[in-house]
Amino acid sequence: MSADLLQFLVAGVTVGACYGLVGVGFSIIYNASQVINFAQGEFVMIAGLGTTSLLAAGMPYAVAIALGVLITVLVGVALEALAIAPARQSSVVTLIIITVGASIFLRGAAELVWGRNFRSLPPFSGAEPIALGGAVIQPQSLWVLGGTAISVVLLSLFFAATRSGKAMLATACNPNVALLLGIDTRAVLRLSFAIAALLGGIAGVLIAPISLTYTDVGVMLGLKGFCAAILGGLGNPFGAVVGGLIVGVTEALTAGYLSSAYKDAVAFVMILVVLIVMPRGLFGAKAGERV
Amino acid sequence: MTQLVVEGLHKSFGAFAVLHDLTFSIREGSIHSIIGPNGAGKTTLFNVITGLYPPTHGRVLFNGADITGRPAHALAALGISRTFQNLQIFLNMSALDNVLVGYHLSCRPRLLPSLFRWPAVVRRDHEYRQRAEQLMAFVGLSAFVGAEASAMPYGALKRLELARALAVQPKMLLLDEPAAGLNPKETGDLDTLIQRIAERGVTIVLVEHDMRLVWAVSNHILVLDEGRKLAEGTGAEVRHNPDVVAAYLGEGGRHR
Amino acid sequence: MVDHRRKGTRGLVLLALIIVALPAVIPNAYIYDVVILIGINAIVCIGLNLLIGYAGQISLGHAGFFGLGAYASPLLSDRLDWPPALALLAAAMAVGLLSFAVAKPILKLRGHYLAMATLGLGIIISIVLNQEGQLTGGPDGMPVPPFSLLGQRAEGEATWYWIVGALLLATVWLTLNLVDSPVGRALRALHGSEVAAAVTGIDVLRYKIMVFVLSAVLASVAGSVYAHYAGFITPSEATFFRSIEFVTMVVLGGMASTFGALIGAALLTALPQVLTPLQDYQMLTFGAVLVGTMVFMPKGLVPSLAERLARHRR
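Chains as they are written, first to last, in the working numbering: chain A, 33 to 323; chain B, -14 to 241; chain C, 775 to 1088.
By construction, these hints were calculated from the structure, which means they are not laboratory data.
C-beta: ideal position from N, C-alpha, C; glycine also.
Take the hints with a grain of salt, since some may be wrong.
[Claimed, not checked] Covered, in the sense of this in silico footprint (three residues per stretch, anywhere, with C-beta under 8 Å from a C-beta of chain C), are these stretches of chain B:
#1 46 to 58
#2 74 to 88
#3 101 to 108
Could you put together the complete structure from these sequences and hints?
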């Protein structure tokens, strides 16, 4: 394997892991409510920018990260309570417009708080690149991969071993039956926004030291995360991780070998192709909306 | 003359088979009822015949032509129309507009004449409005000509759907539980209405749980059970068929 | 429904009167500019409302078509030396063809999938406009030659006011006709129930494609007019946020209401201009307006007010 290729793969897998985390958030909310949360990318942005501010305020790095992610979770819960819950019975188009509006609102609010400048976080542990077969790996890449892996493992434990997790799975399978079984599907929805915000927040702080963070960072990350979720089969959280890696690697290879100008177009071409050719994605158990 | 032939029809959703190797035919001009317990596959059968679901295998012939797998709008053009068990009314429109949509195929609307409101479009629209009002009167909805669909009671909506289906000018009309959810008064003149539609030369295929209505109007009855044909024949033949008595009428608790 | 038509005609006459009377009270070129922008946005929104409000489909990428019209018309008239009016029509046709080509696979998708596909399409268009610098001038944009018809050059706010006013009036007239025709009924029908529309003989996909192409062509024409009027065009006219602006205008004014789309466009174009201090809060406001309208007044301003008025009269 050439050093170039290896380098591109490392970059692709790193950023792809973040797309995956964002994608898992899409899938979890979709499972709980059949809603696509267009504000998913804003979670990434809030966590990244929030942490830079907390750090600047003199907090220890670890505390700043924890608080940054916590703020993001609170925003996610507030979003559900203020914008989604009051409109639960609305049509799909209405719900789309609501989450799109929420994402624009959050971006507007972020611009007021943080301005339009690019900000960055320092790497979690040193900036000394690690050499690997001709390629170099930033230590932060390892944090990203490790963080993603741990998040995914904890998430699967949550689904398998806790009451809330099982309630979420049941609701995903059949909301009506879940309701009959006495599951509070309203609480499941709230929880799904909290978890989606948590995962988006984790992705946000993991990636911020590599790619700068700014108020519009969530747009592309959110959309690519959606591409990951679609590719992995919407509603299949772990498919989304694989989907994210595929999107990240394809993007990195395109940038490396074809055209860096059209790097960002890759994910959107993929969204179109996947939606049109195989709307169930690679591992989709669920079909699209039924006739 | 035979109008509809269903041959070896099979429909499954994933591993779950709803219709098994179903074969029967329907004569032109008859009132043909399909009965059976809930889950027997009656609505699925309607959905396959009207082109909403493709069958897993098997064929459907209409007036001798193979129509298997053709899209619903193409089948409407051939003269197959239907109502729905769970009402599919255009609630965002007026009652009259609901019926007018039924004349879609007769109108053959085109984009440019519609954009520029050619006199021919206006004239024809006026003509269809009158016909739609007559049709509403025919099903007993004269009082609702000016109403918004969303403001109409359930029983009236069922008739509205019937009027819309008739506006398609069908050769064959499939009625999916027309009496369900109606009070006895509302059901009362439904049998006369169905017979009057049949007298216009429209073949009626009726799925219904109200056995009084079924016995009153049917020339021919097909009994389905778990997606298979259990029996068929005239009312009397079916009523005395031992299989039907055992599986269907005999077990009082299984069916209302 | 005759009543419906009479109301539409009354609205059309009122709009014509307003367009004729307005110059008497417009004090300066700045207000002219705002009014012209309202007209251009309204044309896009009226088309988009056919798709969202009447047919019940969604597009989060219509700024892409607006942008294509904005770039294609000046490029054709500048590089190929075509008369601008011909270039505008050719651009509209090209956008029509492009939207037709993508509509078939895309409009088979529903709900969220359709939203994401149109969003992706819009962003791809915006990326292309940004990256093809030799043709478009890249992110810095490009100057646009002035518009002329039969040797007459369109210059100055007053001239453009009449051009845009006439176009807007024509758009409203055509739209009212369409909505009140069997085609318009078919569109509302597939919004109400796709299954029922199909069994009454409506080729659902064909009608979705038709209305998608129609709205894309209107956006393209509005885009071309905007480019020639402004004399300069940048890719910011084709961004995702611009697409959302159009959707917000439609939603605020009122879905399935042509005059609603017009009023939504007027309010949301004028407000940020009039309240300049709000400029920094534009995104915040648009987001809040979107969420607030959907949660508290899902039908939008005009239909909600009309309903209230009707109840009052009774």
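Verification of the hints:
1. Residues of the region 46 to 58 of chain B lying with their CB closer than 8 Å to a CB of chain C number 3, which satisfies the three-residue condition for coverage.
2. Restraint check on the region 74 to 88 of chain B versus chain C: 12 residues with Cβ-Cβ distances below 8 Å, three needed, restraint holds.
3. Coverage of a stretch by a chain is defined here by at least three residues with a beta carbon nearer than 8 Å to that chain's beta carbons; for the region 101 to 108 of chain B and chain C the count is 3, and the condition holds.
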